[in-house]
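Trainee: Listed in order, the protein sequences are those of chains A and B.
According to my numbering, the first sequence is numbered sequentially starting from 1.
According to my numbering, the second sequence is numbered sequentially starting from 1.
None of the hints are false.
Any copy, or any two copies together, can satisfy a pair, since identical chains are not distinguished.
Derived pair list, reagent style DSSO-like, types lysine-lysine, alpha-carbon separation capped at 30 angstroms:
1) Lys-213 / Lys-157
2) Lys-157 / Lys-119
3) Lys-213 / Lys-442
4) Lys-34 / Lys-337
5) Lys-119 / Lys-317
6) Lys-337 / Lys-362
7) Lys-425 / Lys-442
8) Lys-425 / Lys-337
9) Lys-213 / Lys-405
10) Lys-213 / Lys-425
11) Lys-34 / Lys-425
12) Lys-394 / Lys-425
Hints listed in this document are in silico derivations from the structure and should not be mistaken for laboratory results.
All of these numbers come straight from a predicted model, not from anything done at the bench.
Number of protein chains: 2
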Amino acid sequence: MFNLVTAEIINRLTEILGVSSVSTAHADIDLHAKDQSQHHAVPAEVVVWPTAAQQVADVLKLANENRIPVTPWGVGTGLEGNSIPLHGGILMSFERMTNIIAVHADDFQVTVEPGIGHKDLNAQLARHGLFFPPDPGANATVGGMLANNAAGIRTVKYGASKDNVLRMQVALADGRLINVGSRSVKQSAGYDLLHLFVGSEGTLGVITQATLKLVPVPTFMSAVVAGFPSVNAAVETVVAVRGSGLDPAALEFIDAAHCRMLSTTEGVDLAENPTIFMEFHAAQESTLAAGLEIVEEICTEMGALTFHATTDIAERKRLWHARHHSYEIMVRSHPDKKFFINDVAVPISAYPELIAYVEALKAEHGITAYMIGHAGDGNIHVEFPYADDAGYQKAMEINGLIVLKALELGGTCTGEHGVGIGKAKYLPAEHGEALDVMRSIKQTLDPNGILNPGKIFPQNGH
Amino acid sequence: MFNLVTAEIINRLTEILGVSSVSTAHADIDLHAKDQSQHHAVPAEVVVWPTAAQQVADVLKLANENRIPVTPWGVGTGLEGNSIPLHGGILMSFERMTNIIAVHADDFQVTVEPGIGHKDLNAQLARHGLFFPPDPGANATVGGMLANNAAGIRTVKYGASKDNVLRMQVALADGRLINVGSRSVKQSAGYDLLHLFVGSEGTLGVITQATLKLVPVPTFMSAVVAGFPSVNAAVETVVAVRGSGLDPAALEFIDAAHCRMLSTTEGVDLAENPTIFMEFHAAQESTLAAGLEIVEEICTEMGALTFHATTDIAERKRLWHARHHSYEIMVRSHPDKKFFINDVAVPISAYPELIAYVEALKAEHGITAYMIGHAGDGNIHVEFPYADDAGYQKAMEINGLIVLKALELGGTCTGEHGVGIGKAKYLPAEHGEALDVMRSIKQTLDPNGILNPGKIFPQNGH
Chain A
1 MFNLVTAEII NRLTEILGVS SVSTAHADID LHAKDQSQHH AVPAEVVVWP
51 TAAQQVADVL KLANENRIPV TPWGVGTGLE GNSIPLHGGI LMSFERMTNI
101 IAVHADDFQV TVEPGIGHKD LNAQLARHGL FFPPDPGANA TVGGMLANNA
151 AGIRTVKYGA SKDNVLRMQV ALADGRLINV GSRSVKQSAG YDLLHLFVGS
201 EGTLGVITQA TLKLVPVPTF MSAVVAGFPS VNAAVETVVA VRGSGLDPAA
251 LEFIDAAHCR MLSTTEGVDL AENPTIFMEF HAAQESTLAA GLEIVEEICT
301 EMGALTFHAT TDIAERKRLW HARHHSYEIM VRSHPDKKFF INDVAVPISA
351 YPELIAYVEA LKAEHGITAY MIGHAGDGNI HVEFPYADDA GYQKAMEING
401 LIVLKALELG GTCTGEHGVG IGKAKYLPAE HGEALDVMRS IKQTLDPNGI
451 LNPGKIFPQN GH
Chain B
1 MFNLVTAEII NRLTEILGVS SVSTAHADID LHAKDQSQHH AVPAEVVVWP
51 TAAQQVADVL KLANENRIPV TPWGVGTGLE GNSIPLHGGI LMSFERMTNI
101 IAVHADDFQV TVEPGIGHKD LNAQLARHGL FFPPDPGANA TVGGMLANNA
151 AGIRTVKYGA SKDNVLRMQV ALADGRLINV GSRSVKQSAG YDLLHLFVGS
201 EGTLGVITQA TLKLVPVPTF MSAVVAGFPS VNAAVETVVA VRGSGLDPAA
251 LEFIDAAHCR MLSTTEGVDL AENPTIFMEF HAAQESTLAA GLEIVEEICT
301 EMGALTFHAT TDIAERKRLW HARHHSYEIM VRSHPDKKFF INDVAVPISA
351 YPELIAYVEA LKAEHGITAY MIGHAGDGNI HVEFPYADDA GYQKAMEING
401 LIVLKALELG GTCTGEHGVG IGKAKYLPAE HGEALDVMRS IKQTLDPNGI
451 LNPGKIFPQN GH
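This is chain A alone, in the form it adopts within the complex (with noise of 0.2 angstroms):
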């Protein structure tokens, strides 16, 4: 189906993108050949940094003439192998194209090349007083993130990657370059191909350039941590918050599992209990004070045997420490043992009892596992650690059941790593016969299949 690249090829990619930016060796090879996730290696042919949008065209367009597969790489901190170079091929690196192109400050925009991490953008954003919402926890690129939808904390008020762009240039598979969406933040002017290509994965096009949207630093923050008697008081409260307009800017719930590990660990402050943790941001203090009263209120309501609030900087520091320092922590207290972390989203009324059935999965199989998640947004993480091949089979077993719940639950087998190569399989309960319009999408677009082969459509085999 692909052809190899040849000497030829290599000649080509260096005419395009100089000498310097195109390299077989194989420590640049092997540095490109897995992400974070528990995916295996699989080696490029080549590899390439383009440092202009026009030479990822121009790669794209030799590539396509010659059947040779391309999969863009952003820093490789995927969960999901969704930058893995499945079939070989160019594997193209992002990590010359990290400018940020034009700072839109009275538009609150900023246009960047896809290389630039989220967090080396926000360092270089803060003394226009804004930033760049979407926070993956990783130093994800810009790029990878928009390419993956990524999200994480803080969605529940400010979205996911998709909801923060307005504009893209993006690099097809026959070397026309596109622009798509607008930098006006209202168009109603045709077919939204922008979010056509955000969460797209690199199968479509590639994206060379993008305007997101920024949002202004918080004057003022505070912090909740709260611990309930059940799971159901835990999200009983999430909807409660939510409900009460006080516009949460996240909110995090972590099992009674977790919990216990963490302050085993660490000496962390926190009580086996299921435990929410809340941010909220506001413009003037008082705000969040009177807030404060709102959420102690609701809390006590729901029966909760902890709460702890502050809007003192050095304290939410203290109180969030447990929460943004989960995985660490994790991967500190079990030495000897790797990761896997499922990622799957419900409707919150569904939370309840996805955490209820991930609670029996574990009693009746017997392993370990930890629940971290996104609760404002329905988002669990199940995080397995495993010692060997048996325990990753297991662990990929459980996955696979609390897939099926959750697109039971009316909910998603992904809902912010991406499908990359361990979801593609579910895709057909998910989607239906719209994963027929997908393949058709993709068929027009990319007609020979180079872009990302491999990632998320369901493989023979897979």
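Chain A is already provided as a structure; the job is to place chain B on it using the hints.
Mentor: Structure of chain B alone, referenced to chain A:
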């Protein structure tokens, strides 16, 4: 290219829909030949009123097999001819699909049939303390709002129609009935078909069901009306208020000429200045009061000539009266005129230049026109009264110049009215080669071109 609706087709339609849901009566044809725009009426050959999604799908299949155009119709409040059956054929009215299918109160969601008016929907949702925020003014149907990505005031806080929908059922040209999106507020599972269909104006598929995002009815609301010495000062105020983190629910602009007309006609207490109308929503009354202090500081700093603010409901209605009724007041003040309403949007930083350009055009051409806009979104409507064909042609000529200016300023030819008939000719300038991608997607999903033909894409002779 298309075939006529024959007696045999009428029979088949009657089999699918029942005899009371198919009409070729002149009265019915005439009632569905024209929307609220200035575009000419065009009669369909038959009007049908489906009552179920499967009927919609069956009609499309029949029409597709027989190459008969189908134009979906909500309630005819479109402003760009979006639902005029330009090529005759079947007019598919959703006037009998107005049910609320399910209220998911804990999820802040509602699932509806497409024919329900958003005002009727919100009246039903009030008992749950929830509402669907997009508000184009008229009681447009939810299906029509989604098909055209309608917006209106309050978009600055709550987003346009596209931002307030989670899942839709869509009938395709070939009769397939698919589901797109998810009731999970987060979904990264493949291509975003949901947003491909939103705003596609019935040219890719027909919406048969939609699950909408709702928000809590705000407990407290405040209103501010402030007049400024210049458009620049008014727009700088808009930018400063957005940058303050106060999260305004409405940021509306009315130009000096419009203010004069409003006060002359209705005795509204508005000086002849560029004026900003604002609205704020909060969970606590104290937040509003503190917020108003900040807003007054900003307005004073920008040289406001007048400033009125209130948290009182009756007073708020009085203050906003001029804005909410500006269109009727304008029509009443020009009893012998028709109106053409332009719709463009630009990045907010370009708003003063756009307004100044329109002022200059008015002076140069010696015409009357009023400006009213959703300034928080950079969206402006220039309203042209005209008496005859010559006046209409002049308005269209100036409309064209305004559109080209908006595009030059990085904006769009339509912020919220959609492309319909009138804006199609500007899409090549706005989208470049991306328009070819839109065409290829249209070709993929509707190869016979039966879905709302003549819309979005520029036609020969237009």
